[in-house]
Amino acid sequence: MVAELATRPQNIETLQNAGVMSLLRTLLLDVVPTIQQTAALALGRLANYNDDLAEAVVKCDILPQLVYSLAEQNRFYKKAAAFVLRAVGKHSPQLAQAIVDCGALDTLVICLEDFDPGVKEAAAWALRYIARHNAELSQAVVDAGAVPLLVFCIQEPEIALKRIAASALSDIAKHSPELAQTVVDAGAVAYLAQMLLNPDAKLKHQILSALSQVSKHSVDLAEMVVEAEIFPVVLTCLKDKDEYVKKNASTLIREIAKHTPELSQLVVNTGGVAAVIDCIGSCKGNTRLPGIMMLGYVAAHSENLAMAVIISKGVPQLSVCLSEEPEDHIKAAAAWALGQIGRHTPEHARAVAVTNTLPVLLSLYMSTESSEDLQVKSKKAIKSILQKCTYLPALEPFLYDAPPNILKHVVGQFSKVLPHDSKARRLFVTSGGLKKIQEIKAEPGSLLQEYINSINNCYPEEIVSKFFPELQVCALLGSL
Amino acid sequence: PVLCFKGFSLDLGCSFSKYVRQSATVTVLILFSTVFLFFCCLLPKVAPMMNLYNAMAVRIQRRWRGYRVRKYLFNYYYLKEYLRVVSETNDAIRKALEEFAEMKEREEKKANLEREEKERDYQARKMHYLLSTKQIPGIYNSPFRKEPDPWELQLQKAKPLTHRRPKVKPKDSTSLNDWLACTSARSFPRSEILPPINRKQCQGPFRDITEVLEQRYKPLEPTLWVAEPTDELKLAREEFRREEWLRNVNDNMFLPFSSYHKNEKYIPSMHLSSKYCPISHKEQFRSENPKKWICDKDFQTVLPSFELFSKYGKLYSKAGQIV
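Protein chains in written order, with the working numbering: chain A, 1 to 480; chain B, 1001 to 1323.
It should be emphasised that the hints constitute simulated quantities derived from the structure, not laboratory data.
Please note: incorrect hints may appear among the correct ones.
Below 30 Å or equal to it, Euclidean Cα-Cα: the simulated DSSO-like pairs (lysine-lysine) are [as the list claims (entries may be wrong)]:
{"#": "1", "chain 1": "B", "residue 1": "K1104", "chain 2": "A", "residue 2": "K416"}
{"#": "2", "chain 1": "B", "residue 1": "K1095", "chain 2": "A", "residue 2": "K241"}
{"#": "3", "chain 1": "A", "residue 1": "K313", "chain 2": "B", "residue 2": "K1080"}
{"#": "4", "chain 1": "A", "residue 1": "K416", "chain 2": "B", "residue 2": "K1157"}
{"#": "5", "chain 1": "A", "residue 1": "K241", "chain 2": "B", "residue 2": "K1109"}
{"#": "6", "chain 1": "B", "residue 1": "K1071", "chain 2": "A", "residue 2": "K202"}
{"#": "7", "chain 1": "A", "residue 1": "K313", "chain 2": "B", "residue 2": "K1118"}
{"#": "8", "chain 1": "B", "residue 1": "K1109", "chain 2": "A", "residue 2": "K284"}
{"#": "9", "chain 1": "A", "residue 1": "K388", "chain 2": "B", "residue 2": "K1095"}
{"#": "10", "chain 1": "A", "residue 1": "K313", "chain 2": "B", "residue 2": "K1110"}
{"#": "11", "chain 1": "A", "residue 1": "K258", "chain 2": "B", "residue 2": "K1110"}
{"#": "12", "chain 1": "A", "residue 1": "K383", "chain 2": "B", "residue 2": "K1080"}
{"#": "13", "chain 1": "B", "residue 1": "K1104", "chain 2": "A", "residue 2": "K241"}
{"#": "14", "chain 1": "A", "residue 1": "K388", "chain 2": "B", "residue 2": "K1071"}
{"#": "15", "chain 1": "A", "residue 1": "K380", "chain 2": "B", "residue 2": "K1104"}
{"#": "16", "chain 1": "B", "residue 1": "K1110", "chain 2": "A", "residue 2": "K284"}
{"#": "17", "chain 1": "B", "residue 1": "K1071", "chain 2": "A", "residue 2": "K284"}
{"#": "18", "chain 1": "A", "residue 1": "K388", "chain 2": "A", "residue 2": "K313"}
{"#": "19", "chain 1": "B", "residue 1": "K1080", "chain 2": "A", "residue 2": "K202"}
{"#": "20", "chain 1": "B", "residue 1": "K1167", "chain 2": "A", "residue 2": "K202"}
{"#": "21", "chain 1": "B", "residue 1": "K1110", "chain 2": "A", "residue 2": "K241"}
Some chain B residues close to chain A (C-beta under 7 Å, calculated; not the full set) [unchecked claim]:
{"#": "22", "residue": "L1083"}
{"#": "23", "residue": "N1090"}
{"#": "24", "residue": "A1101"}
{"#": "25", "residue": "M1103"}
{"#": "26", "residue": "N1141"}
Quick list of simulated restraints, FRET-style, between CB atoms [stated by the list, open to error]:
{"#": "27", "chain 1": "B", "residue 1": "E1239", "chain 2": "A", "residue 2": "Q155", "range": "28 to 38 Å"}
{"#": "28", "chain 1": "B", "residue 1": "R1115", "chain 2": "A", "residue 2": "Q155", "range": "22 to 32 Å"}
{"#": "29", "chain 1": "A", "residue 1": "E262", "chain 2": "B", "residue 2": "K1080", "range": "51 to 61 Å"}
{"#": "30", "chain 1": "B", "residue 1": "M1103", "chain 2": "A", "residue 2": "T260", "range": "44 to 54 Å"}
{"#": "31", "chain 1": "B", "residue 1": "W1064", "chain 2": "A", "residue 2": "K383", "range": "51 to 61 Å"}
Idealized CB from N, CA, C, for every residue including glycine.
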C-alpha cells in the first residue's frame, strides 16, 4: 500500500511526516517474501523522489540490510533492491559513495550474472548511476569487475538491457582516458559499432554517446573507434528522425575529427562533411551545435581541409546558422567556425566574404546584447578573415560602420590591394570609398595614417584634393 | 654568362638534397673553372655562340624554376583533382542518404497503413453483428443513401470474432524412451556433416564420425528392473476402485448420526433476510397494530409445550459421535 501511495509525489510528504522509513525498515526484515519485496519497492520510490529521502534511507542503516539480502533472495526482491540502490545513488556523489562503502558493488556485479534480464537491467542501471558522478566512483565500479559483464549484457537480445548497458559503459568511459581504455580493452567497441544498425532510436542514441565518450580522450582511442568501421553507418544515423540520435552522431564525428588532420581527412574522404552540413540544415537549436563545431575543427587543421569544407557548401549553411539562431553560444560557435575557414588564404577569405557574413559578424560584435564570449569570438573571426581578405566589395561597408580597431585592418587591406589593381582603384573612387578614407581621422605616425597615405599615393593629386582641400595646401607647402 | 652560371650553381645548392647538392657543386666547380679558362682565352672569338648558349640556358632555367615547390609542396592540379573528387563523393553520399531517408519513410508509412488495416479489420470483426439482413437494413446501409457505407462492405468481408478458448496444454508425459527430448540440430548434430567452426582447428587424429555418432546416440538399454512397471498392484487397486465408484448413487458418505450435522452452519434463505439482518419470524409474520388490541397484556403461556422433537436424532443411538 505504501508502495502504491509512493507513486504519487504529493503523497510522499504525508508519508514522510508519518515516519514511514523506520516502518519500512522493519518490514524489510519480515518473513513473508512478498512483504519484503513491496517494502523494498516502496523504499525505492521514496528515495527516487528527492535526495532528502534518499539520505534518510542511508541514515536509517537500511543499505547494509538490503545488500546482505540481495545476495540470497529471489529475482523480484533483487530487482526491487537494485531499484533502491539506483534511486539512492543518483542524487549526489556522497550518497553514491555511501552505497560503495557498504559493499554494494560486489553484489550488484553478481546480479549482473543472473539469468533474469530484469535483474541484470536493474543492476546495470544502479551501476550506471553510481559511475556517473566522478572518476573515483567509476574506478570503483571498474575495479569491481563490472566492465566485462556489461559487455556481455550488450550482446543480450533484450533491447532495454542493451540500452542500459550501453549507457553504463558511456558513463564509465567519460571521465578519463584510462577508464575509456578499460572499456576498449574489454572489446566493447566492436559490439557497439555492430549495434549501430539496430532500428531502435534510444539504443542508437546511447551507443553513439558511448562511442563519442570513448573517442574524445585521445588520438589512439579515436583511431580504434574508427577502425571498428563506423563510417559510413554513422552517416545514416545523421539522417535519423530522432533529434538526439542526430546530435550524438554529429558529436561522435566531431570528437573523431578534432584530434589530428589525418582523422579529419578520413572524415572528409568518406563524405562526412556533406552529411554533417545536411544535418545542420535539417535541425534547429542545440542539435546543430556539435555539427557546427565539427566543421570548425575540420577547417582549423589545414587549408586543404578548409577548402574541402567550402566546396561542400558549408559556408552558406554556417552563415544561415549565424543569422537564424537565437542562442548566443550557437552563434559564437558558428562565428568561430567561419573564422577558422576564412583565415587561411585569400581564396578562403573571399569564399566567406562573398556570402555576406562579415556584416552579420560585425553587428554581432558591436551589439550590446551579445554575450562576452560571442563578442570575443566574432571579433577574432573578423580579424582573421580581414587579414586575408582581398575581396574589396565586401570590405567597403566596413569603412562606414566599423570601430577603429577593425577599421585599421580594413584600411590595411585596401592599401595592400589598391596599388596593384587599376580597376579596383576606379571602383573605389566611384563608390565613394576614397571620400570616406579622407574623412577618417588618424593620429599622425600611426599605422592607420600610413595606410591612408599609401592609398592616397595611388591616386593623382587632383582627385585627392577634390575631396580634401587641405591636402592641396600641404602639397603646395611641400613643394615650396 | 659567367655570373649567371654561378647563380645557377647557387640555386642548385639551396634547393636540392645534400647528396645531390654536393655532387652538383663539384660538377659546377669543375664547369666553372673550365668556363673561366675558356672565357679568358677564347671568349672574344666565340661571343655569338655564347649568346646562343645563354639564351638556351635562360629558357631551361625558366622551365625548371620553382620545380620542387610546384611539384611537392603545393601541387595545384593535384589539389584541384582532390577537391573535385571530394565534391563528387559528397554528392554521392548526399544522394545515398536521401534515398535512405526516403526508404525509411516509405517503410514507416507502409507499417502505419498495415497497422490501420489490421485495426479496421479487428473493429469490423467485433462489429460484424451490425451487418444488414434481408429484412432489416443495418446502420451502415441506410435506405436513404445511394450506396452502402464502406464499412458495410468491410463487415461483409469480416469473419465473426470468437473469444479465445483457454488453450489446453498437452500433459507432458515422460517415458523412458524419450530421453533424447532435446533434439535441436545445433546441440545434437545427427548427420555426419557438422556445422562449420570458425575457430582454430583442434589437433587430430580423430575417430570416424559414424562411430562417434553411434556411440553418442546409442539408444537406452534399460535393465528389466527399470523397464518393467513395478506399480501394477497400485494400478490394479485404482482400477478396482473406479469400477466400484461407478455403482455409487451418492458420493456423500452415509452417516446416520445427528452429531454429524451439528457442525453445519445454518444458511438462511435470501427471501427471508433483509439487507441489514436476518428477519426474525416474529417480524415476518406479525404486523403489530396497537389500536386493534383488546387489552394491554401479551399472550400468556397456559399449557406447557410438549416436546415433539426432543428425541430427534437421539432416539436410536447416542454412542456414535461423529466428529
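Results for each hint:
A distance of roughly 55 Å separates the Cα atoms of K1104(B) and K416(A); the hinted pair therefore is violated under the 30 Å criterion. Simply put, K1095(B) and K241(A) have alpha-carbon atoms about 17 Å apart, close enough for the 30 Å limit, and the pair holds. The straight-line distance between the Cα atoms of K313(A) and K1080(B) is roughly 16 Å, inside the 30 Å bound, and the hint therefore holds. Of the supplied pair hints, the one linking K416(A) and K1157(B) is violated, its CA atoms being roughly 85 Å apart against a limit of 30 Å.
Taken as a hint, the K241(A) and K1109(B) pair is honoured in the structure, with Cα atoms around 14 Å apart against an allowance of 30 Å. A threshold of 30 Å between alpha carbons decides the hint, and for K1071(B) with K202(A) the separation of about 51 Å lies outside it, so the pair is violated. With a CA separation close to 46 Å, the supplied pair K313(A) and K1118(B) exceeds the 30 Å bound. Taking the CA atoms of K1109(B) and K284(A), the gap is about 25 Å. The hint holds against a cut of 30 Å.
About 35 Å separates the Cα atoms of K388(A) and K1095(B), which puts this hinted pair outside 30 Å; it is violated. With a C-alpha separation of about 34 Å, the suggested pair K313(A) and K1110(B) falls outside the 30 Å cut-off, and the hint is violated. Between K258(A) and K1110(B) the CA atoms are separated by roughly 41 Å; this puts the pair beyond 30 Å, and the hint is violated. Taken as a hint, the K383(A) and K1080(B) pair is honoured in the structure, with Cα atoms around 28 Å apart against an allowance of 30 Å.
For the proposed pair K1104(B) and K241(A), the alpha carbon gap of about 9 Å is at most 30 Å, so the pair holds. A hinted pair counts as satisfied when its Cα atoms are at most 30 Å apart, and K388(A) with K1071(B) qualifies at roughly 25 Å. Using a Cα cut-off of 30 Å, the hinted pair K380(A) and K1104(B) is violated, with the two alpha carbons roughly 43 Å apart. Straight-line distance between C-alpha atoms of K1110(B) and K284(A) comes to about 28 Å, which keeps the hinted pair within the 30 Å bound.
A hinted pair counts as satisfied when its Cα atoms are at most 30 Å apart, and K1071(B) with K284(A) does not qualify at roughly 45 Å. Restraint check for K388(A) and K313(A): the C-alpha separation of about 20 Å stays at or below 30 Å, so the hint holds. The hinted pair formed by K1080(B) and K202(A) fails the criterion: a straight-line CA distance of about 42 Å is larger than 30 Å. Pair hint K1167(B) plus K202(A) does not hold up; C-alpha atoms about 37 Å apart against a cutoff of 30 Å.
For the proposed pair K1110(B) and K241(A), the alpha carbon gap of about 17 Å is at most 30 Å, so the pair holds. The restraint placing L1083(B) at the interface with chain A holds, with a minimum CB-CB distance near 5 Å, inside the 7 Å limit. Contact between N1090(B) and chain A, as hinted, is supported at the beta carbon level, the nearest pair being about 3 Å apart and thus within 7 Å. With a cut of 7 Å, the hint placing A1101(B) at the interface with chain A holds, because the nearest CB-to-CB distance is about 5 Å.
Of the supplied interface hints, the one on M1103(B) is violated, with its beta-carbon coming no nearer than about 10 Å to a beta-carbon of chain A, more than 7 Å. Annotation: interface hint on N1141(B) violated; nearest CB of chain A at approximately 42 Å, more than 7 Å. One distance hint, 28 to 38 Å for the beta-carbon pair E1239(B) and Q155(A), is violated here, with the actual separation near 55 Å. Between R1115(B) and Q155(A), the C-beta spacing of about 31 Å keeps the proposed range 22 to 32 Å intact.
Distance hint for E262(A) and K1080(B): a CB-CB separation of about 21 Å, inconsistent with the stated range 51 to 61 Å. Distance hint check for M1103(B) and T260(A): the Cβ-Cβ separation is about 35 Å, which falls outside the suggested range of 44 to 54 Å. A hinted range of 51 to 61 Å is violated for the C-beta pair W1064(B) and K383(A), which are about 40 Å apart.
The structure does not agree with the numbered hints 1, 4, 6, 7, 9, 10, 11, 15, 17, 19, 20, 25, 26, 27, 29, 30 and 31 stated previously, though it agrees with the rest.
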